[in-house]
Amino acid sequence: MSAAARPRFAYVPPPELGDAAIRRVPVAIVGAGPVGLTAAAEFASLGRETVLLDEDDTVSVGSRAICWSKRTLEVFDRIGVADRIAGKGVVWNRGRLFHGDREVYAFDLLPEPGHRRPAFVNLQQYHVEDFLIDRVAELGRTDIRWRSRVTAVEQLADGAARLTVETPDGVYRLDADCVLAADGVRSAVRRAMQLDFKGRVFEDRFLIADVTMKAGFPSERWFWFDPPFHSGRSVLLHRQADDVFRIDFQLPAAADPDEERKPENVLPRLRQMLGPEVDFALEWVSVYSFTCRRMKKFRHGPVFFVGDSAHVVSPFGARGGNGGIQDVDNLCWKLDLVLSGAAPDGLLDSYDDERIPAADENILNSTRSTDFMTPKSAVSEDFRAAALELAARLPFARQLVNSGRLSLPHVYRATPLSTRDAEAWDGGPEPGAAAIDAPVRDNAGLAWLLERTGGRFTLLWFADEAPAVPTFANLEALRPRVDLVTVVRRGAPDAAAVVDPDGTAFRRWSAVDGTAYLLRPDQHVAARWRWPSIDDVTKALQRASGSAVAEGGLRSAGG
Amino acid sequence: MADLITEPNLPDPDGFYDRLIRAHHGLDDAASRRMNARLVLLLANHIGDPEAIGQALAIARGEPGEASTRTP
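Residue numbers (this note's numbering), protein chains in the order written: chain A, 1 to 559; chain B, 560 to 631.
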């Protein structure tokens, strides 16, 4: 999107300006990028009001984050924006890999049908932000304040945070019980608090360009090692909406970023790649270095760092934007419970317990991809060439070729919120894993299992027949805190039961008659059983809400 | 006598590759070549099976099934 075409959002002078009293709000979000906007929409969906501060008054320049993963789309479903994003975006499941002038192999990311969302949808970040801004306005509980720059953060004696906010009309202060710092890799909040941001900065640089063209490239991810048009380096091509293509060129370590981003240097590279006949226009260009860094802790008292402010990875795994969305998806329900008094403050520490390992997984994968793409010695070049040569013919070598390991939802294996399996399981989502979708029938017709979950705790109960199993009635006591959804093999759907017409849901969840899963509001598994008692469910719910659980008996979980 | 396994068999391919490259850190080219040679001998001894080793040699040398015709 050209700078001129970007929407401008109206700045309104905040009512607090010139007011001696300092207003206090439960939640302030800093940064209206995809991560901050998703947080605002999640809070609004949970019925909670927020103040969202952004230093600018428009959407991102250039495509930036473009690959939205299945898990992110499922979160977007919950906040009611996925249809618009998937409708505008480019759906792709297939990646192709080239070495020199030949194709080495192709891979399919979502080989099975029966999921509402595909492996990935490509859509420029500015469109995603635009749609999220519309959705946040529709949902109504977000006070978005444009041209509002946070310049200082102070922690108050009672545990809240005091923000200093600079606007075109002056400075004011705002107190918040909690702050989400979603203000990106150069986070003003992180710098104001003088917090660390350590990791590895690679010498390698990439040139990224948004190019508009009517070209015959299919909706696939194409990756080249050492192509004829960019000898010795790597190139990635992605299709986005509006006939815009995103092309990433690896540059020599010694390249001068200011020179490289000049159109007179970019255009010949593109011409060489696309050939003499293709009519294209350069829309946006940028040069960046690979970096993998994270903060030591993401929670600092009332301030929570989410997305790039907390951790940054090299691209080629779609792990930046999607990782940030999963951060806020992990955090918002916890904050909502704690702010409403339904859970202890300690639940918020599990944000670090769960999202730091997730960030480390992203950084590990991203670092390995970067190392593969940019061999640092003759011997690592030899190994890479050998892997690529063998990969054309032998399946084992394809696993060694690394053009990016694409984002999958992190499994929270070491979390204190999960109840350890007491029975033997062969498949199904383990405690800490994200829920798995399946097509079902509800009383309105065809539906998706995931639509019935999320936002609140859900007990997913699998039964052969529609009539509720005997212990089901006992679970009525949990209703104020837990939604009950029954998946039945046979019978008619009703308000509480969905039908699994072909056994897909039972199979994916490794379920038999009586199997139950307790899902958290973020649709991750908290506990599962073959036939739970009310006591089992109550304890698992307590644990997943951050409360200490009295141990005792074989079925209680360990650490 | 067994066929060479060419289907995926490494439990953590990225982890293996990372270890392999790291193991060469700090070595010059000659030292890296010697390390690779020792590695081949060690792994060949571990495999043991002459049939599997023969197939591996043929594939590594050139195209599968063509190695015997390429003997100088």
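Just so you know, these hints were derived from the structure itself, not from any lab. In this text, a Cβ means the ideal position worked out from N, Cα and C, and glycines have one as well. Watch out, some of these pointers could steer you wrong.
[What the hints assert, rightly or not] With a straight-line Cα cutoff of 25 Å, these simulated SDA-like cross-link-like pairs (lysine to any residue) come out:
id, chain 1, residue 1, chain 2, residue 2
1, A, Lys262, A, Ser231
2, A, Lys376, B, Glu610
3, A, Lys376, B, Gly585
4, A, Lys88, B, Gly574
5, A, Lys297, A, Leu408
6, A, Lys198, B, Arg592
7, A, Lys376, B, Met560
8, A, Lys376, B, Gly574
9, A, Lys214, A, Ala160
[As the list claims (entries may be wrong)] Some residues of chain A that are not near chain B, with every Cβ distance over 10 Å (derived):
id, residue
10, Ser45
11, Arg141
12, Ala281
13, Val285
14, Leu339
15, Asp371
16, Ala378
17, Ala387
18, Leu390
19, Leu400
20, Asp464
21, Ala477
22, Ala496
23, Asp502
24, Arg507
[Stated by the list, open to error] Not the full set, but computed from the structure, chain A residues with beta-carbon under 7 Å of chain B:
id, residue
25, Ile208
26, Thr212
27, Met213
28, Arg368
29, Pro395
30, Phe396
31, Gln399
We went through each hint and held it up to the structure:
1. A/Lys262 - A/Ser231: holds (20 Å)
2. A/Lys376 - B/Glu610: violated (35 Å)
3. A/Lys376 - B/Gly585: holds (11 Å)
4. A/Lys88 - B/Gly574: Given that 25 Å is the threshold and the Cα spacing comes to 37 Å, the pair is violated.
5. A/Lys297 - A/Leu408: holds (22 Å)
6. A/Lys198 - B/Arg592: violated (35 Å)
7. A/Lys376 - B/Met560: violated (39 Å)
8. A/Lys376 - B/Gly574: Answer holds: lysine 376 of chain A to glycine 574 of chain B is near 18 Å, not above 25 Å.
9. A/Lys214 - A/Ala160: violated (53 Å)
10. Ser45: Serine 45 of chain A is indeed farther than 10 Å from all Cβ atoms of chain B, at 36 Å.
11. Arg141: holds (43 Å)
12. Ala281: At roughly 38 Å from the nearest Cβ of chain B, alanine 281 of chain A sits farther out than 10 Å, so the non-interface label holds.
13. Val285: holds (31 Å)
14. Leu339: holds (40 Å)
15. Asp371: Violated: least Cβ distance 7 Å, not greater than 10 Å.
16. Ala378: Its Cβ does come within 10 Å of chain B, the nearest being 5 Å, so this is violated.
17. Ala387: At about 8 Å from chain B, alanine 387 of chain A fails to clear the 10 Å cut-off, so the statement is violated.
18. Leu390: Its Cβ does come within 10 Å of chain B, the nearest being 7 Å, so this is violated.
19. Leu400: Label violated. Min Cβ-Cβ 5 Å, cutoff 10 Å.
20. Asp464: Check passes; 37 Å lies beyond 10 Å.
21. Ala477: holds (45 Å)
22. Ala496: The claim stands: alanine 496 of chain A keeps its Cβ more than 10 Å from every Cβ of chain B (closest is about 42 Å).
23. Asp502: holds (30 Å)
24. Arg507: holds (24 Å)
25. Ile208: violated (24 Å)
26. Thr212: violated (35 Å)
27. Met213: violated (34 Å)
28. Arg368: This interface hint holds because 5 Å falls under the 7 Å limit.
29. Pro395: holds (5 Å)
30. Phe396: With a minimum Cβ separation of about 5 Å from chain B (threshold 7 Å), the hint on phenylalanine 396 of chain A holds.
31. Gln399: The hint holds - glutamine 399 of chain A has a Cβ within 7 Å of chain B, the shortest such distance being about 4 Å.
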